[in-house]
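Number of protein chains: 2
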Amino acid sequence: MADIKQNYASNQSAIRELTVEFISSINSALDEGRSKEVIDLAKSLHYADLADLLENLGHARREELVEALRDSFNPNIFAELDEAVRERVIIQLGISRVAEAVADLQVDDAIEVIEELGEDKQSKILGSLPKNERALIEQGLSYPEDSAGRLMQRDYVAVSSDWSVGQTIDFMRDSEKLPIEFFDIFLIDDKHQPIGTVPLGRIIRSARSVKLFEIMRKHIKIIPVSMDQEEVAFLFRQRDLMSAPVVDAGVLVGVITVDDIVDVIHEEHEEDIMRLAGVGEEDDLYSAVIDTMKSRFSWLLIHLMSAMVAAYVISLFVGTIRELVALAVLMPIVATMGGTASIQTLTVAVRAIAMRELTPSNAYRTIGKEIAVGVLNGFIFAIIIGFIVYAWFDDSLLGLVIGLAIIVNLIVAGFVGSSMPIILQRLGFDPAVASSAFLTSITDVIGFYVFLVLAASFLL
Amino acid sequence: MADIKQNYASNQSAIRELTVEFISSINSALDEGRSKEVIDLAKSLHYADLADLLENLGHARREELVEALRDSFNPNIFAELDEAVRERVIIQLGISRVAEAVADLQVDDAIEVIEELGEDKQSKILGSLPKNERALIEQGLSYPEDSAGRLMQRDYVAVSSDWSVGQTIDFMRDSEKLPIEFFDIFLIDDKHQPIGTVPLGRIIRSARSVKLFEIMRKHIKIIPVSMDQEEVAFLFRQRDLMSAPVVDAGVLVGVITVDDIVDVIHEEHEEDIMRLAGVGEEDDLYSAVIDTMKSRFSWLLIHLMSAMVAAYVISLFVGTIRELVALAVLMPIVATMGGTASIQTLTVAVRAIAMRELTPSNAYRTIGKEIAVGVLNGFIFAIIIGFIVYAWFDDSLLGLVIGLAIIVNLIVAGFVGSSMPIILQRLGFDPAVASSAFLTSITDVIGFYVFLVLAASFLL
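Keeping their order, the protein sequence lines are chains S and V. Just remember that our numbering sits 320 ahead of the position in the first sequence, which is counted from 1. Just remember that our numbering sits 320 ahead of the position in the second sequence, which is counted from 1.
These aren't lab readings, by the way, just hints derived from the structure by calculation. Be careful, since some hints might not be right.
Said to hold, decoys possible - Facing chain S, according to a computed beta carbon distance under 7 Å, are these residues of chain V, among others:
| # | residue |
| --- | --- |
| 1 | Asn376 |
| 2 | Ala380 |
| 3 | Leu520 |
| 4 | Asp579 |
| 5 | Val582 |
| 6 | Val584 |
| 7 | Thr656 |
| 8 | Asn682 |
None of these values were measured; they are calculated from a predicted model. A virtual CB, placed ideally from N, CA and C, is assigned to each residue, including glycine.
The shape of chain S in the complex, shown without the other chains (with noise of 0.2 Å):
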């Protein structure tokens, strides 16, 4: 036992963390060229760690430490790299080294790190692998993308559902080429077809006698190699499942464990987030300055053309305004409001569609209750923005115009905040997307015009 414990003690201190004392650590061995240092630095991660570290590196800095791990890169980094910054690794280690490291992958990770580089990249990295595994990757980048069939995992064990334990367990015994990890054993018909489980435990606890259907798992939810990641991770949510088959045409391919699933309710998520804000997926920390602009341009144009529409209702105030001027002041005020309470809605509704909580079956109760939170916020703040303008202005009349355009600004921001996210899933477009741009305009314009049109008939 001692030397168990010493064993553990030595391992967990050898695995290092990425801290600033390690980045720090291993800058300044770059910056003395204590190549060898680095080398034993960088070993000491974890990959999934290193990865973090060559994302962080500025791209002078990280071009050293590749070159540094040139004849050490441990494949499993691709996987984990962010897309800009695998993109820039890859180009500076080369193509023919890049292949030999794919070939090295788990043919999901391989697929992931093949499928966002161009096709003249692909096929040279494809043609340099063993066929078999050349095979598996072109049937893998032959689904559709983001689909079941990419993510899903090529290694799995399935056994003729009439197999005894005794002989299941003498297989796996015996068998050379078993998944690394597996936690769950697929029953087929002789059609290769999923008919039931039984998670790894079961068999252990069977006598060796048994036979596997009588022990198997048969409510199991089988998962067509075409249906897109984000239906299979509500699949696993939902039913809290560790792992499930995946066919093609009713038979067995591959297979989807839980910790895939991870990865792509963070890549949904981060979708969600993005397109929200008006900023594309690919824009993030590790993207140039020119694509950051770009994903950033053309929601900055529709944003403007939205505000040109505002502008033209207040044109057509000007001798309104020009006769009271306090309304240019205020109009801030009417557009935050509603430019606020409309951004609430709408990312609850966002929200709510995205964990499909938001049905046709509840839609109207959504929206009625959405407007129903207008009219009170609406009444309270007209309350208080009308006694702050009526103290500020010393007029009252201008306080209870403004009240006004508030209730209806923060009524209307409720009815377009939720309906509109409502009514761009079912025409089939993203909620996400196109909610915001046009809700800002629909809320500015329709407040602005409210505020101005009472303004000049009551205050003029």
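Using the hints provided, position chain V relative to the given structure of chain S.
Using the frame of chain S, we list chain V on its own:
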């Protein structure tokens, strides 16, 4: 084989999905008082789908369904229900019925249900539980909210590392009280401290005489009971863990598996997206109108205060605006461009902080990049907007002034949008919460000020 397949087929069709058709058939069964059919329909659903159904139904309808299911209410539904809906169902069913259900739940699920209840209800339910279960739940509740201790399952398999494979298999066959599902066996020392894990697959594939320490995985991540769940989720994702032991003062007390992590990731994401939009986490489709209103009120109030500052800035220039009322027309463009650009930057930064991509080591680089993006887009939009304004108002100087204001505005948006969340994070605040109101305020104020001050100096 034949009847296995039949069995399988009937099982598949027995698992109903929650579809629009299903909802309408349960609705009509409720309408027509066919309570036997209601119960059958509800029972044909997986409990997670039944929970979704309860969430989806209107208040009155839900009460009818809960009443119909009172005697056959599956305890697992409680763990799946949204908090707001759960509370109403608990009130309807009554504490003693709920206590029965809690007694049937796994300890981690029971804690999830109980932790959200008021102290009064908590102690009533705890009081009616069997002593042993009560102690486990009370221990769980003693750990901080959102900690590993709340998340972990208490059922795990732990044996001494000098046991042989054969001994372990016999132990598992004989033991009555094993967890329903498990994938790893934990090896412990004589102080009940975890020193390694053995995946079940390795047990099955090894000869009976092999000692567990020979096949154990030594590089395990050990999770302290007080670790925040966000940290735990990060570890699981970073290390592709399937399960990890949880220790209290070094002693093994539970296990966290990756399927628990899936829910944590959802929760944490929901927090991020909601906070960015200024919505409370408890603000969802199912919360009452009054709760939603309150949750949004404070954020609207903060935005109102920001807007007041912007209004004050404008009020300093009433003379200028009165002379050149086109300025009032153009102000929404200035506000929209700055607001949109800063929210884009903020979202990328907040997301990167949450993903631990934005760290002290690349903070300056990130801010620098965002400023560069601001400069580029600033110049492009200055030209676009300057030209539009020149064409609209036939005033080249006005076009120049708004162009300059847009450049300043987008640079400020890039700088403030990236540096503010970094600073807030360093000061120990949640970068998502506080940022967006301040941000819009700062870009509005600076944008309006620069625009109006330039207009006052060049145009009058």
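So, going through the hints one by one against the coordinates:
Interface hint at Asn376 of chain V: satisfied, since its Cβ lies 5 Å from the closest Cβ of chain S, which is below the 7 Å cut-off. Because the beta carbon of Ala380 of chain V sits about 11 Å from the nearest beta carbon in chain S, more than 7 Å, this interface hint is broken. At about 4 Å, the closest approach between the beta carbon of Leu520 of chain V and any beta carbon in chain S falls short of 7 Å, and the interface hint on this residue holds. For Asp579 of chain V, the shortest C-beta to C-beta distance to chain S is roughly 5 Å, which falls under 7 Å, so the interface hint holds.
For Val582 of chain V, the interface hint holds, the least distance from its beta-carbon to any beta-carbon of chain S being 6 Å, beneath 7 Å. A least Cβ separation of about 10 Å between Val584 of chain V and chain S goes past the 7 Å threshold, and the interface hint is therefore violated. Interface hint at Thr656 of chain V: satisfied, since its Cβ lies 4 Å from the closest Cβ of chain S, which is below the 7 Å cut-off. With its C-beta approaching chain S no nearer than about 5 Å, Asn682 of chain V sits inside the 7 Å limit, and its interface hint holds.
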